[in-house]
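These protein sequence lines map, in sequence, to chains A and B. Under this note's numbering, the first residue of the first sequence carries the number 169, and numbering increases by one thereafter. Under this note's numbering, the first residue of the second sequence carries the number 68, and numbering increases by one thereafter.
Treat the hints loosely; a few may be bogus.
With the Cβ distance kept under 7 Å, some of the chain A side facing chain B (calculated, not the full set) [said to hold, decoys possible]: (1) G258; (2) S262; (3) V263; (4) Y290; (5) V294; (6) L312; (7) A314.
Residues of chain B placed beyond 10 Å of chain A at every Cβ, according to the derived structure [to be verified]: (8) T84; (9) D87; (10) K107; (11) T111; (12) A113; (13) S138; (14) A190; (15) G193; (16) S209.
Simulated coverage check for chain A against chain B, where a stretch passes if three residues somewhere in it have a Cβ under 8 Å from a Cβ of chain B [as the list claims (entries may be wrong)]: (17) 191-200; (18) 279-289; (19) 353-362.
Hints listed in this document are in silico derivations from the structure and should not be mistaken for laboratory results. We treat Cβ as the ideally placed atom computed from N, Cα and C, and that holds for glycine.
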Amino acid sequence: MPIPLGVLAVAGAGGAAGGGAAYELLESQILTGTQATVEFTNLNANYGSTYQHLQLRITARSNRANAYDILRMRFNGDNSFLYSYHYLFGNGSSVQSDDMASAQEILFYRALEGNNATANTYGFGVFDILDPFETTKNTTVRALEAYVHAAESVVSLSSGLYQATAAVSSIELDSHLSSSFIAGSRFSLYGMRSS
Amino acid sequence: MPTATWVALQNITLTGTQADITFSNIPATYRDLVLVCNSKQTATPAQDQSLQFNGDTGSNYNVVIMWGDGSTYDSDTFSNQTNMLIDFYASITTAFSNVTIVQIMDYSATDKHKTVLSRANRASSGVDAIAGRWASTDAITSIKYFASGRTLDIGSTVALYGIVS
Numbered sequence: 169m170p171i172p173l174g175v176l177a178v179a180g181a182g183g184a185a186g187g188g189a190a191y192e193l194l195e196s197q198i199l200t201g202t203q204a205t206v207e208f209t210n211l212n213a214n215y216g217s218t219y220q221h222l223q224l225r226i227t228a229r230s231n232r233a234n235a236y237d238i239l240r241m242r243f244n245g246d247n248s249f250l251y252s253y254h255y256l257f258g259n260g261s262s263v264q265s266d267d268m269a270s271a272q273e274i275l276f277y278r279a280l281e282g283n284n285a286t287a288n289t290y291g292f293g294v295f296d297i298l299d300p301f302e303t304t305k306n307t308t309v310r311a312l313e314a315y316v317h318a319a320e321s322v323v324s325l326s327s328g329l330y331q332a333t334a335a336v337s338s339i340e341l342d343s344h345l346s347s348s349f350i351a352g353s354r355f356s357l358y359g360m361r362s363s
Numbered sequence: 068m069p070t071a072t073w074v075a076l077q078n079i080t081l082t083g084t085q086a087d088i089t090f091s092n093i094p095a096t097y098r099d100l101v102l103v104c105n106s107k108q109t110a111t112p113a114q115d116q117s118l119q120f121n122g123d124t125g126s127n128y129n130v131v132i133m134w135g136d137g138s139t140y141d142s143d144t145f146s147n148q149t150n151m152l153i154d155f156y157a158s159i160t161t162a163f164s165n166v167t168i169v170q171i172m173d174y175s176a177t178d179k180h181k182t183v184l185s186r187a188n189r190a191s192s193g194v195d196a197i198a199g200r201w202a203s204t205d206a207i208t209s210i211k212y213f214a215s216g217r218t219l220d221i222g223s224t225v226a227l228y229g230i231v232s
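Working from the sequences, and respecting the hints, build out all of it.
Below, the structure is given as C-alpha cells:
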C-alpha cells in the first residue's frame, strides 16, 4: 500500500478485508479571481462521522509585490494563542529551523509565492491534518511545502499544533502578510476514512 | 458527495533490465500525480533517480534539496538541469533499499510550471526532501524515470497514481 509523505494518505483501491475507497476528495477551490481568504466550512457536520484525517493539497500564489508570501492556517475561526509550529527548511545553501509557541495561527513560510516570483510559478505543499474531529485530542498538522523560482528556492518540513480538543468545523487559509490569493491558486481538501 | 480519489493508473515491474521506466499517454483527468518508486540498478556505484517530462531534455529542471546522512545535513540547489533529481543521498544501489515517493502537483494545468515534492529514503545512506520545478506550462503526458548512466534491474517497480480534484 503506498503511503505518500509518511503515515497518512492511503490507496483508494481498498484496504484489508475488501474495504472500499479510503482516500476521497471532499472539496476543491480553484480560484478564478483574487480572493483574500479560502475557507472550508461545516467540516465536522459534513465529514466528522466518516473521516479520521484530512489532507490539503495546495498550489498558491498571492498578489503581494514580492517573490514570497506566508500562508496562514487557522481552525474554527480561532485566533487565540493556542497554536504552535516548527519548521525545518533547506534553502539551497543551508538547513535551518525555527519555531513559534503560543501563536495566533500556524504559519507556513514556503507554501505561498508572491507576485514577483517567476511567472507561472506557485508555492505548493501537501498538508496532513490528524484527528481533526476527535474531541479528546488536540489537532496537529504536518506539511511538506516549497517554492522553486528564479529568485529563491526553499523546501520545508513543517508541523503545527492547535491546542484545542474541539472538533474542527472550519479551516481558514489566507496570507499572513495581508495580500490575496490570485486566480489559479488551488486548494483541495481530501478525507481519509476511519475504519 | 465525496469522490473516490486515489486511482492506480499503472504499476510497472521490470521483468528484464531496462534503461528507464516510462509512463506514456497520461490522461489529463486528474489534478495531481503520485509516483511510488522502489528500484535497484545493475551496477555500482549508487546513482540518483531522475525524472524527465514529455521527453524534454532541455535545461528546464530546477530543484532544491534538503538532506541528512546521519552525521551531516545541508541543502543544495541545481538549476537549469536536463533532468529532475528526486533523490540526493537516497540514491539507488544494486539492492532494494530505497523508497521514494514523488508528488507531482497540477500536472495537467497549462497555466503553471509543474512542481514536484519528493521524499526519498535509504537508511544506509541518507534521507532527502526535494522540491522541483519543470519550467513548462505544458500538461505532463509522459514521465520517464531513470538513473542516469545506469541500468534498472529486474524487479524494479514504479507505480503511478492519479489524484482527482
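Hint check:
no., hint, verdict
1, G258, "3 Å, holds"
2, S262, "6 Å, holds"
3, V263, "5 Å, holds"
4, Y290, "6 Å, holds"
5, V294, "6 Å, holds"
6, L312, "5 Å, holds"
7, A314, "3 Å, holds"
8, T84, "24 Å, holds"
9, D87, "21 Å, holds"
10, K107, "18 Å, holds"
11, T111, "27 Å, holds"
12, A113, "21 Å, holds"
13, S138, "13 Å, holds"
14, A190, "15 Å, holds"
15, G193, "13 Å, holds"
16, S209, "20 Å, holds"
17, 191-200, "holds (count 6)"
18, 279-289, "holds (count 3)"
19, 353-362, "holds (count 4)"
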